[in-house]
Amino acid sequence: MRHDHIISAKQLSRADIEEVLDRAADIAADPSAYADRHAETLLGLLFFEPSTRTKMSFTAAIKRLGGDVVDMGPVEYSSVKKGESLADTARVVEGYADALVLRHPSEGSAKMASEFVDVPLLNAGDGAGQHPTQTLLDLYTIRENAGLDDLNIGIMGDLKYGRTVHSLAHALTNFDAHQHFISPESLRLPRSVRYDLHEEGATIREHTDLDDVLDSLDVLYVTRIQEERFADQSEYRKVAGEYQIDAETLESAREDLTVMHPLPRVDEIDHDIDDTDHAKYFDQAHNGVPVRMALLDLVLGGDQ
Amino acid sequence: MTDDQSLRVSKIENGTVIDHITGGQALNVLAILGIDGTDGEPISIVMNIPSDRLGRKDIVKVEGRELSEEEVDVLSLIAPAATINIIRAYDVVEKHRVTSPDAVSGVLECPNHNCITTENEPVESHFEVLEDGVRCTYCDTIIREDLAAHILAT
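The listed protein sequences derive, respectively, from chains P and V.
Counting from 1, position 301 in the first sequence corresponds to residue 318 in this note's numbering; the numbering is continuous, with no gaps.
Counting from 1, position 118 in the second sequence corresponds to residue 405 in this note's numbering; the numbering is continuous, with no gaps.
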């Protein structure tokens with residue numbers, strides 16, 4: 018892996034992705050071998066938005082590598098509240114840490130912040146932009162359950178604002194994957210992502226109805242449709258209701274269909290799916306630790 | 288045509304004439320170049336005159352200043368047919384067309400209000416130039432239509 022910063026899934030080649038996933042598999046098989054790999058390494062956490070999974074799994078990852086975190090804490094208790102720019106905050110905290118993890122509500126924030134620091138910066142979500150580390154754990158989960166080539170994947174829900182979707186779609190262009198995007202017209206993939214997928218020669222189809230493709234899918238990746246994206250609450254309820262799945266929905270799916278979700282879910286995946294063999298979303302969340310350990314190990318120079 | 292134009296705006300002794308500007312874009316050309324007349328240099332603007340090639344065109348003359356190719360290539364975003372004439376002692380000593388740059392910085396404002404470049408950060412807007420538009424290198428937003436509407440206020 019030859020990247021100073023991890024900003025977008027677009028920067029990741031197939032070789033980069035496979036290197037991370039292979040390292041993650043190695044870590045998952047024998048975590049103790051990596052226990053002191055990065056002793057005394059400090060990871061700076063800059064989370065300008067709430068996070069449970071990403072923040073906790075990055076924390077767990079660096080601690081399991083022998084390191085620790087320095088955490089800016091909630092925005093309301095930080096200098097950001099006094100009007101400090103992101104650029105200044107990043108420049109200050111790089112002096113306290115060996116690498117930075119940034120989540121910020123603005124698109125392009127990670128790229129901009131990376132231009133002001135010399136330590137590696139990992140994008141943990143920039144607005145509706147990208148979430149490349151989520152993508153790596155998504156790919157790990159897909160590889161374990163369905164394989165990454167000759168893959169039929171359906172990606173459903175809020176495709177317009179869903180950063181995990183944008184990153185995943187970009188990354189899948191490295192593989193022999195047929196991508197089906199299922200969403201209401203108002204939440205279809207943004208023009209910029211469609212442009213990139215087209216440039217990469219990706220095989221994609223857009224649908225408004227899951228039934229059109231469900232029986233052909235190896236993986237169904239469900240995302241949350243957020244109420245705040247709709248001006249009208251009744252419109253939200255109507256649209257969200259059309260993109261919920263339950264055990265009955267999956268009766269027409271293949272037996273080995275893998276259902277994924279970046280979580281948190283609200284009601285787009287009914288709990289009656291949780292105990293079926295389809296449900297892999299909790300495994301997916303758990304995979305965040307070995308995958309982020311692998312990524313940190315590689316970015317921090319684990320080969321040297 | 289030449290006689291007609293000379294009636295409107297006289298020749299300049301030294302400076303730059305930007306001809307074949309898409310009709311109606313002269314003020315945007317000046318905005319992009321950051322020329323607002325406050326430096327005291329004489330500036331002539333002719334707008335919406337008939338043109339065989341463009342239907343109607345604008346012309347801008349800036350006296351006492353030779354604009355470099357780097358400065359003017361950005362004009363290709365809104366006036367792709369523009370020609371640049373460098374004038375010395377009333378003669379055209381250099382003439383070339385604008386060519387599309389690979390990227391432009393600090394010229395356009397990203398229309399995505401959630402883009403980091405629209406916030407109070409020490410960063411200039413930066414757009415990659417595509418075949419049929421431009422793309423913000425920070426948030427990836429693509430602008431295809433009416434680039435002039437996104438020119439940053441100077």
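Do not rely on the hints blindly, as some may be mistaken.
Pair by pair, the computed Cβ-Cβ distance ranges are [to be verified]:
#: 1; chain 1: V; residue 1: Val333; chain 2: P; residue 2: Lys98; range: 52 to 62 Å
#: 2; chain 1: V; residue 1: Asn335; chain 2: P; residue 2: Tyr113; range: 39 to 49 Å
#: 3; chain 1: P; residue 1: Ser30; chain 2: V; residue 2: Asp326; range: 44 to 54 Å
#: 4; chain 1: P; residue 1: Lys98; chain 2: V; residue 2: Gly351; range: 13 to 23 Å
#: 5; chain 1: V; residue 1: Glu381; chain 2: P; residue 2: Glu202; range: 34 to 44 Å
#: 6; chain 1: P; residue 1: Pro67; chain 2: V; residue 2: Pro409; range: 20 to 30 Å
#: 7; chain 1: P; residue 1: Glu216; chain 2: V; residue 2: Asp339; range: 36 to 46 Å
#: 8; chain 1: V; residue 1: Arg384; chain 2: P; residue 2: Thr220; range: 35 to 45 Å
#: 9; chain 1: V; residue 1: Pro398; chain 2: P; residue 2: Gly100; range: 38 to 48 Å
#: 10; chain 1: V; residue 1: Glu411; chain 2: P; residue 2: Gly112; range: 20 to 30 Å
#: 11; chain 1: V; residue 1: Val333; chain 2: P; residue 2: Asp229; range: 52 to 62 Å
Computed cross-link-like contacts, DMTMM-like style, restricted to lysine to aspartate or glutamate with a CA-CA straight-line distance of at most 20 Å [claimed, not checked]:
#: 12; chain 1: V; residue 1: Lys298; chain 2: V; residue 2: Glu381
#: 13; chain 1: P; residue 1: Lys72; chain 2: P; residue 2: Asp115
#: 14; chain 1: V; residue 1: Lys382; chain 2: V; residue 2: Glu415
#: 15; chain 1: V; residue 1: Lys382; chain 2: V; residue 2: Glu350
#: 16; chain 1: P; residue 1: Lys80; chain 2: P; residue 2: Glu35
#: 17; chain 1: P; residue 1: Lys72; chain 2: P; residue 2: Glu35
#: 18; chain 1: P; residue 1: Lys99; chain 2: V; residue 2: Glu406
#: 19; chain 1: P; residue 1: Lys80; chain 2: P; residue 2: Asp105
#: 20; chain 1: P; residue 1: Lys98; chain 2: V; residue 2: Glu356
#: 21; chain 1: P; residue 1: Lys27; chain 2: P; residue 2: Asp43
#: 22; chain 1: P; residue 1: Lys255; chain 2: P; residue 2: Glu285
#: 23; chain 1: P; residue 1: Lys98; chain 2: V; residue 2: Glu415
#: 24; chain 1: P; residue 1: Lys27; chain 2: P; residue 2: Asp193
#: 25; chain 1: P; residue 1: Lys99; chain 2: V; residue 2: Glu408
#: 26; chain 1: P; residue 1: Lys27; chain 2: V; residue 2: Glu415
Just so you have them, the derived chain P footprint on chain V, three or more residues with Cβ under 8 Å [stated by the list, open to error]:
#: 27; region: 312–322
#: 28; region: 401–412
Hints are computed from structural coordinates only; laboratory data are not their basis.
Don't be surprised by glycine CBs; every beta carbon is placed ideally from N, CA and C.
Verification of the supplied hints:
1. V:Val333 with P:Lys98: 52 to 62 Å: holds (53 Å)
2. V:Asn335 with P:Tyr113: 39 to 49 Å: violated (60 Å)
3. P:Ser30 with V:Asp326: 44 to 54 Å: About 49 Å separates the Cβ atoms of Ser30 (chain P) and Asp326 (chain V), which means 44 to 54 Å holds.
4. P:Lys98 with V:Gly351: 13 to 23 Å: Distance hint for Lys98 (chain P), Gly351 (chain V) is violated at roughly 50 Å.
5. V:Glu381 with P:Glu202: 34 to 44 Å: violated (52 Å)
6. P:Pro67 with V:Pro409: 20 to 30 Å: Roughly 27 Å apart at Cβ, these two residues keep to the hinted range, so it holds.
7. P:Glu216 with V:Asp339: 36 to 46 Å: With a Cβ separation near 37 Å, Glu216 (chain P) and Asp339 (chain V) satisfy 36 to 46 Å, so the hint holds.
8. V:Arg384 with P:Thr220: 35 to 45 Å: holds (40 Å)
9. V:Pro398 with P:Gly100: 38 to 48 Å: violated (25 Å)
10. V:Glu411 with P:Gly112: 20 to 30 Å: holds (25 Å)
11. V:Val333 with P:Asp229: 52 to 62 Å: holds (57 Å)
12. V:Lys298 with V:Glu381: This hinted pair holds, its Cα atoms lying about 16 Å apart.
13. P:Lys72 with P:Asp115: Holds: Lys72 (chain P) and Asp115 (chain P) sit about 17 Å apart, inside 20 Å.
14. V:Lys382 with V:Glu415: It is violated: about 26 Å lies between the C-alpha atoms, which goes past 20 Å.
15. V:Lys382 with V:Glu350: holds (16 Å)
16. P:Lys80 with P:Glu35: Between Lys80 (chain P) and Glu35 (chain P) the Cα gap is close to 24 Å, so the pair fails against 20 Å, i.e. violated.
17. P:Lys72 with P:Glu35: Distance of about 23 Å is beyond 20 Å: violated.
18. P:Lys99 with V:Glu406: holds (15 Å)
19. P:Lys80 with P:Asp105: violated (27 Å)
20. P:Lys98 with V:Glu356: violated (44 Å)
21. P:Lys27 with P:Asp43: Violated, at about 25 Å.
22. P:Lys255 with P:Glu285: holds (13 Å)
23. P:Lys98 with V:Glu415: Distance of about 33 Å is beyond 20 Å: violated.
24. P:Lys27 with P:Asp193: OK: Lys27 (chain P) and Asp193 (chain P) at ~16 Å, within 20 Å.
25. P:Lys99 with V:Glu408: holds (14 Å)
26. P:Lys27 with V:Glu415: Measuring from Cα to Cα gives roughly 15 Å; hence the hint holds.
27. 312–322: violated (count 0)
28. 401–412: Three-residue rule met by the region 401–412 of chain V, so holds; n is 9.
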